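S.K.: Order-wise, the sequence lines are chains A, B and C. Residues 1 to 171 in my numbering are what the first sequence lists, from first letter to last. Residues 1 to 426 in my numbering are what the second sequence lists, from first letter to last. Residues 1 to 189 in my numbering are what the third sequence lists, from first letter to last.
These aren't lab readings, by the way, just hints derived from the structure by calculation. Quantities reported herein were computed from a predicted structural model and do not represent experimental measurements. There may be inaccurate statements among the hints.
Capping the alpha-carbon separation at 30 Å, the derived lysine-lysine pairs in DSBU-like fashion look like this [unchecked claim]:
no., chain 1, residue 1, chain 2, residue 2
1, B, K244, C, K32
2, C, K44, C, K24
3, C, K17, B, K275
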Amino acid sequence: MSKDGSAAYFTTRVDAVVNWARKHSLFPLPFGTSCCGIEMMATLCSDYDMARFGAEAIRFSPRQADLLIVAGIINAKMAPVLKTVYDQMSEPKWVMSFGACASSGGIFNVYSVTQGIDTVIPVDVYVPGCPPAPEGVLHSLIRLQEQIQKGETVAQRRERQSRAGTLKSIT
Amino acid sequence: MSIDQKTSENIMKNERLPDLGLPQGGHYSVDHDPDDLWGDSRVIVNIGPTHPAMHGALRMVAKINGETIEKSYCEFGYTHRAKEKLGENRTYHQFVVYTDRLNYCSALVNNVTYAMSVERLMGVQVPDRAVWIRMICCELARVIDHLICVGINAVDLGAFSFFLYGFHQREEAYTLIEKLCGARLTTSYTRIGGLMADAPEGWEKQVKDWVKRTRVVIDEMDALLTGNKIWCQRTIGVGIMDAKLCQAYSVTGPAVRAAGLNYDLRRDQPSMFYKDMEFDVPIAQNGDVFDRYLVRMEEIRQSLNIISQCCDRIKKGPIWADDKRVRIPEKDVVHNTMEGLIHHFKFFMTGFEVPPGEAYTTFEAPNGELGFYIVSKGGPAAHRMRIRGPSFYHFQTLTPVSDGLKIADMVGLLGSMNIIAGELDR
Amino acid sequence: MDINTPVPTIYGDQLEKFGELWKKQVQTLKEKFGDAIEEVLFPKEANTDVPIIFVQAARIIDVLGFMKNDAGFEYGFLADLTATDEESAPRFHVVYNLLSRKSMSRVRVKVRTDEENAVPTAISLWPAANWAEREVWDMFGVRFEGHPDLRRILMDVRWEGHPLRKDYPLRGYQIFPTPEAIDPSLLNY
Numbered sequence: 001m002s003k004d005g006s007a008a009y010f011t012t013r014v015d016a017v018v019n020w021a022r023k024h025s026l027f028p029l030p031f032g033t034s035c036c037g038i039e040m041m042a043t044l045c046s047d048y049d050m051a052r053f054g055a056e057a058i059r060f061s062p063r064q065a066d067l068l069i070v071a072g073i074i075n076a077k078m079a080p081v082l083k084t085v086y087d088q089m090s091e092p093k094w095v096m097s098f099g100a101c102a103s104s105g106g107i108f109n110v111y112s113v114t115q116g117i118d119t120v121i122p123v124d125v126y127v128p129g130c131p132p133a134p135e136g137v138l139h140s141l142i143r144l145q146e147q148i149q150k151g152e153t154v155a156q157r158r159e160r161q162s163r164a165g166t167l168k169s170i171t
Numbered sequence: 001m002s003i004d005q006k007t008s009e010n011i012m013k014n015e016r017l018p019d020l021g022l023p024q025g026g027h028y029s030v031d032h033d034p035d036d037l038w039g040d041s042r043v044i045v046n047i048g049p050t051h052p053a054m055h056g057a058l059r060m061v062a063k064i065n066g067e068t069i070e071k072s073y074c075e076f077g078y079t080h081r082a083k084e085k086l087g088e089n090r091t092y093h094q095f096v097v098y099t100d101r102l103n104y105c106s107a108l109v110n111n112v113t114y115a116m117s118v119e120r121l122m123g124v125q126v127p128d129r130a131v132w133i134r135m136i137c138c139e140l141a142r143v144i145d146h147l148i149c150v151g152i153n154a155v156d157l158g159a160f161s162f163f164l165y166g167f168h169q170r171e172e173a174y175t176l177i178e179k180l181c182g183a184r185l186t187t188s189y190t191r192i193g194g195l196m197a198d199a200p201e202g203w204e205k206q207v208k209d210w211v212k213r214t215r216v217v218i219d220e221m222d223a224l225l226t227g228n229k230i231w232c233q234r235t236i237g238v239g240i241m242d243a244k245l246c247q248a249y250s251v252t253g254p255a256v257r258a259a260g261l262n263y264d265l266r267r268d269q270p271s272m273f274y275k276d277m278e279f280d281v282p283i284a285q286n287g288d289v290f291d292r293y294l295v296r297m298e299e300i301r302q303s304l305n306i307i308s309q310c311c312d313r314i315k316k317g318p319i320w321a322d323d324k325r326v327r328i329p330e331k332d333v334v335h336n337t338m339e340g341l342i343h344h345f346k347f348f349m350t351g352f353e354v355p356p357g358e359a360y361t362t363f364e365a366p367n368g369e370l371g372f373y374i375v376s377k378g379g380p381a382a383h384r385m386r387i388r389g390p391s392f393y394h395f396q397t398l399t400p401v402s403d404g405l406k407i408a409d410m411v412g413l414l415g416s417m418n419i420i421a422g423e424l425d426r
Numbered sequence: 001m002d003i004n005t006p007v008p009t010i011y012g013d014q015l016e017k018f019g020e021l022w023k024k025q026v027q028t029l030k031e032k033f034g035d036a037i038e039e040v041l042f043p044k045e046a047n048t049d050v051p052i053i054f055v056q057a058a059r060i061i062d063v064l065g066f067m068k069n070d071a072g073f074e075y076g077f078l079a080d081l082t083a084t085d086e087e088s089a090p091r092f093h094v095v096y097n098l099l100s101r102k103s104m105s106r107v108r109v110k111v112r113t114d115e116e117n118a119v120p121t122a123i124s125l126w127p128a129a130n131w132a133e134r135e136v137w138d139m140f141g142v143r144f145e146g147h148p149d150l151r152r153i154l155m156d157v158r159w160e161g162h163p164l165r166k167d168y169p170l171r172g173y174q175i176f177p178t179p180e181a182i183d184p185s186l187l188n189y
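Produce the entire structure from the sequences given, and follow the hints as far as they go.
M.R.: Given below as structure tokens:
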């Protein structure tokens, strides 16, 4: 109701409202394996406080989370585990590749290391750095929220494709 | 010995502890487990590698009976990054970067130990100022590592605010380290024969101010947790690693001191200027989770003492060894002379030669004995670069100690062992 | 300037402190074990920080046990157990870094071996050797006789080859579709 008593309208699309709600209620699953895990904890702690961006409710169960933060190295032994965890998460789900090791293998171009987790699962945001500074993580989180609002993430594209019947494979 | 007697010995001059009416035990016998309601319905539980209590990426497969672990085995290697293989394929200078990623909670100690081991192979003496800065770095890293360890151990057992106190102080320490080398966690600060850069003007004074503030915070943290009844009940008498077990399994560091063995490489086999320092080596008796917590808290205080002594005694001077083989050429020489440019190019592209020989160089890292066993056969890369991480030997004790414990107590035990996947898997 | 140049801030006093002790200990070992001690390399004479004692593989447990328990030695602490790939026959050296917590002196014991010949396990002396030997098996393919549980430790059980051998390529990737399964037999099931 506006001040003079007449009805006021605010028109939008339903998916825009849904995306707006989604981007402010991310439930991250911290998949911290090595050094980056420590910086991820620093980001969650009081000095940087990820809660300001609505992503502080850590869930260790993949069933309850929608943002997979892969912080650290994923090697040949770990890659199938990561795939399993990703598959267990319910749609829509987002993936943040945290740090150089997860994004590209970083300085470890060796026999045991997966050269980037995007060989295993689709990724929405890459955070550069070895390890990234907490400011970089927050920046990437904001970028991810922008992407979610615009509906450009992998999961949302997959959702649209599946509605249109053009989805070829799950990942 | 009753629990009350144990407590009074454990507490080491701390008078704030309330009178605890603790139940007997802590180690639960499998045969008389009151929780064994299901008869023989034992199940296998896979804990990890992504379980929140399994720091990093460790995995424990346990056969449980109710809440009690009857038998278990551990798996790791989920963060194996082939650092030993890389040591054979990178030059000694390039490998500094990889040492950061060993125990990433205290990267500076790894940097210093690695630089020391290569300098020992080459017979290079670094100047006094560099040694003093390295010592400050080591102790800063030790404080950070212990803060993270006790903080996360407390979080695992449900005490969250304690962790926030520690992490704030740690952020301040990281600011100091950032001023030193521009990085927070993975510092790569040392070079063979010197340091990446000199400490900035007035850095020692800032460190001393930080030491003063940290002393207050440590006392606050102590007041918050040490006398806390819930904390004491969760930790006293739980996860006992006694002296015999520690010796058999090559356990070092705070864990072995908590078991009553008076052993610290900084004092017993002094390197750098540790023999001129005045510090105490804290010892506890029972080797349970609570003792390891107490030893770590006291070691933080001792490290702060060492840092302030170092800050008093450090003087201005060069930070590079007077040795042409290892010295990175000055930038004005590189940019202005042909020879300097060639030297620079050769230094970074082919690396310097290390004379043939082998040495096992150790230092007391926050977790225990960190060792680099380097075999050189001449040439710019090592023939064998063995890294002896303390976590590797500590983690081996998890199975014998945790068999018979409740799962929730195993979580506390694992947190107090401070297993860092980076140096466990290497 | 090499390892024989003492550096004061990096354990430069080790040789003066323990030189006599090491000489005496090696003498005792040679008298007691004779042929089992194949070769001894001393600091100054060879490029090493502490004496390296090469022992016959068959007698290694006797020698280590003597060094662990005898009053003049007391090397009760197994600081590290590892191996090196020498690329010439015999191919591998298994390396035991020992520390005496009483005198704080260190020595290094080595055993020459190759792919076929197993080294007796040191678990009976130090349970800590269990995982260290598993790692040596995993990384180098050196077998340990009498080891109760010689499985891969760092690599996946399905991994082929031994990565730290010199002939294993740095980028010899291997990919597995499924996570490593639980082995109930290890839990007496």
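S.K.: Does each hint fit the structure? Answer for all of them.
M.R.: For each hint, the structure was consulted:
Taking the CA atoms of K244/B and K32/C, the gap is about 29 Å. The hint holds against a cut of 30 Å. Restraint check for K44/C and K24/C: the C-alpha separation of about 16 Å stays at or below 30 Å, so the hint holds. Distance check on the hinted pair: K17/C and K275/B sit about 15 Å apart at the alpha-carbon level, within 30 Å; holds.
Checked against the numbered hints above, the structure breaks none of them.
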